[in-house]
Amino acid sequence: MSDLLSLEITFSESHTIFPKIVLSILITLLILIIVRRIVTRIKEGKSKKFNFNFFIDNYDKPKFYGTIILLLGYGIIMEPIGFLLSSILFMFLIMLLFIGDLKRKSILLSLANSIITSVFIWFLFGQMFNITLP
Amino acid sequence: MEIIGILTPLSVVLVFTGVMLGIVFGAIPGMTATMSIALFLPLTYALDMVDAIALLIGLYVGGISGGLVPAILLNIPGTPSSLCTTFDGFPMTQKGQGEKALKVAISASIIGGFFSLTILYFFAPLLSSIAIEFSSVEKFLIILFALTVIASISKGSLLVGIFSGVLGVFISLIGMFPDNNKLRMIPLGLEEQLYYGFALLPVLIGLFAIGQIIHEAEEGMKPAAHQNFDLSKNKKNKFTFKIFNGQLVNTIRSSVIGTFIGMLPGVGGSAASITSYSQTKNFSKKPEKLGTGEPEGLIASESANNGLIGGALIPLLSLGIPGDSTTAVLIGAFLLQGIQVGPLFITTNPDLWNGIVFSLIIANIVMFILMFFSIKYMAKIVYIPKHTIYPIIIVMCVVGSYAINSGVMFDVWTLLLFGFLGYLFMKIGVQIAPFLIGFILGRQSEKYFIDSLKGSNGDLMIFFTKGPIAIVLWVLILASVIYAIYDSRKTKKEKREERNSEASENPLNS
Numbered sequence: 009m010s011d012l013l014s015l016e017i018t019f020s021e022s023h024t025i026f027p028k029i030v031l032s033i034l035i036t037l038l039i040l041i042i043v044r045r046i047v048t049r050i051k052e053g054k055s056k057k058f059n060f061n062f063f064i065d066n067y068d069k070p071k072f073y074g075t076i077i078l079l080l081g082y083g084i085i086m087e088p089i090g091f092l093l094s095s096i097l098f099m100f101l102i103m104l105l106f107i108g109d110l111k112r113k114s115i116l117l118s119l120a121n122s123i124i125t126s127v128f129i130w131f132l133f134g135q136m137f138n139i140t141l142p
Numbered sequence: 009m010e011i012i013g014i015l016t017p018l019s020v021v022l023v024f025t026g027v028m029l030g031i032v033f034g035a036i037p038g039m040t041a042t043m044s045i046a047l048f049l050p051l052t053y054a055l056d057m058v059d060a061i062a063l064l065i066g067l068y069v070g071g072i073s074g075g076l077v078p079a080i081l082l083n084i085p086g087t088p089s090s091l092c093t094t095f096d097g098f099p100m101t102q103k104g105q106g107e108k109a110l111k112v113a114i115s116a117s118i119i120g121g122f123f124s125l126t127i128l129y130f131f132a133p134l135l136s137s138i139a140i141e142f143s144s145v146e147k148f149l150i151i152l153f154a155l156t157v158i159a160s161i162s163k164g165s166l167l168v169g170i171f172s173g174v175l176g177v178f179i180s181l182i183g184m185f186p187d188n189n190k191l192r193m194i195p196l197g198l199e200e201q202l203y204y205g206f207a208l209l210p211v212l213i214g215l216f217a218i219g220q221i222i223h224e225a226e227e228g229m230k231p232a233a234h235q236n237f238d239l240s241k242n243k244k245n246k247f248t249f250k251i252f253n254g255q256l257v258n259t260i261r262s263s264v265i266g267t268f269i270g271m272l273p274g275v276g277g278s279a280a281s282i283t284s285y286s287q288t289k290n291f292s293k294k295p296e297k298l299g300t301g302e303p304e305g306l307i308a309s310e311s312a313n314n315g316l317i318g319g320a321l322i323p324l325l326s327l328g329i330p331g332d333s334t335t336a337v338l339i340g341a342f343l344l345q346g347i348q349v350g351p352l353f354i355t356t357n358p359d360l361w362n363g364i365v366f367s368l369i370i371a372n373i374v375m376f377i378l379m380f381f382s383i384k385y386m387a388k389i390v391y392i393p394k395h396t397i398y399p400i401i402i403v404m405c406v407v408g409s410y411a412i413n414s415g416v417m418f419d420v421w422t423l424l425l426f427g428f429l430g431y432l433f434m435k436i437g438v439q440i441a442p443f444l445i446g447f448i449l450g451r452q453s454e455k456y457f458i459d460s461l462k463g464s465n466g467d468l469m470i471f472f473t474k475g476p477i478a479i480v481l482w483v484l485i486l487a488s489v490i491y492a493i494y495d496s497r498k499t500k501k502e503k504r505e506e507r508n509s510e511a512s513e514n515p516l517n518s
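Note that the protein sequences, when read in sequence, are chains C and D.
The opening position of the first sequence corresponds to residue 9 in my numbering, with each subsequent residue numbered one higher.
The opening position of the second sequence corresponds to residue 9 in my numbering, with each subsequent residue numbered one higher.
Worth flagging that the hints you see were computed from the coordinates, not collected in a lab.
Cβ coordinates follow ideal geometry from the N, Cα and C atoms, glycine included.
Not one of these hints is a red herring.
Label pairs and their in silico Cβ distance ranges: (1) 40/C with 385/D: 48 to 54 angstroms; (2) 93/C with 373/D: 40 to 46 angstroms; (3) 143/D with 70/C: 56 to 62 angstroms.
Chain C with its partners taken away, still in its complex shape (with noise of 0.2 angstroms):
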């Protein structure tokens, strides 16, 4: 009983102890989800079928892909091209995007914001509080 209720610490290996006692615990709780899923489904008969979709219906494909895209890309471009311009860039394109036309007025609007804020951003953080931007 005594060698269940202690744990050996050696100096070396004590920063795999807790690692593993929460991994542990993580799978214990990932099967009881698991057998409590499998154990409603028999209960509630097969007359419901499992249909689990992802996405919502009729998900926004451009918006949802475009959103990732964007802001992968912003990520990349970031260092190389420097806070300012990356950040007009990327929001001048997502929003747009978010606006979902190419009107003039969704255009320039999205100049504005992004211009604005951007600079804004960079002047107050940058600047003003000596904060590092990319």
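Knowing the structure of chain C, use the given hints to seat chain D on it.
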């Protein structure tokens, strides 16, 4: 304690700015007080500790209060804690009493705020004087207690909620273990970047803000159903403080409930206002009218959710444990400034402690004045389109993440990674708030766990035999687990009954 000696004019200006920005954030549906604090964290870098905390307290109070605007006007809770405000607030708007509803809610907010502040002022030092005696065993048990309350904030499945919390703990362990400087669980090739694990701030704003934005992009950035209601069409029925006549008991009861629920780590804002709303309904003389546009319900919800603020700060400042996700971010602010929050906090940082109290007083007053007299104009905030505000938020998130460790590009990637994860989590049901609490408390729980075992030569019984405080903590842990199970059963049962009654009402649809 001299208020002028502690708060500089700059800190007063910062409280004011914080409240104003907080109200704006709280008023935009989808943006929360937590997010506003997270976004402005990097800005506090350049400030003194007292000034920094003044700004953040302003954001906190403003953010929680701002949530009432869309709740009343659009039937969308601006923050989770203003959920119950919609029950009576929106019907009042529909009746043309929107302005009156806003003013009732604002007045209730300031009462709740001041009540909880008083409790905080007297209770936090007391609690921390007890906690000073704690060894690593008690500290571990307190963290365990905080982690068990994750269960009660989990929505839907209890097991999944706990799983989310434990997952957060697990992810937080990535990196170097300070005891023996050994690395663990780092994907190959990232040893340098992940030496200290993932940074808290990018993880946090990634999960909350970026995840939410990707989610809304999937839905096509549809504007919320904005309806234009005339705020004070019903001229005869204007706001006067007479509404509060006969509401004294209700106001006090709701503030008490808000404060004490706020104190329980992990329970959070929506629980506070839901509990006080349901209690008000239980004690009301006309319970059937609640939910149809009664100021009584507004008072209950809003005094409770502002009561929460002081309450949630109690465990934070006396034990170093966050009461909700917002205070969890505040911990980040203290850590940034190199200040350890815990039992010794109040005695070693008296100026900061007084600064917090004064900031809270000023923030509540500013919140009241700003909102009460300019509510008509403030109300327009809820009509700012998402396509304008979201790009700004993304850029702010990036700046914040990049700046947090003075210019580490990897932190921006962490932000984006956890943004995608946050979106994925929403899809597969992993809950963000429990995950985050696990992530924040993970490292500390490991430290105290290993320290306790080192002290006892590996004997696990030390957690039970340490002394009376340990026993009390175990009782609390057990109680909170049992409560969570009971509560989750109850909600499930209620849902089932609802479904059944709906099914019997519309047999054709079922």
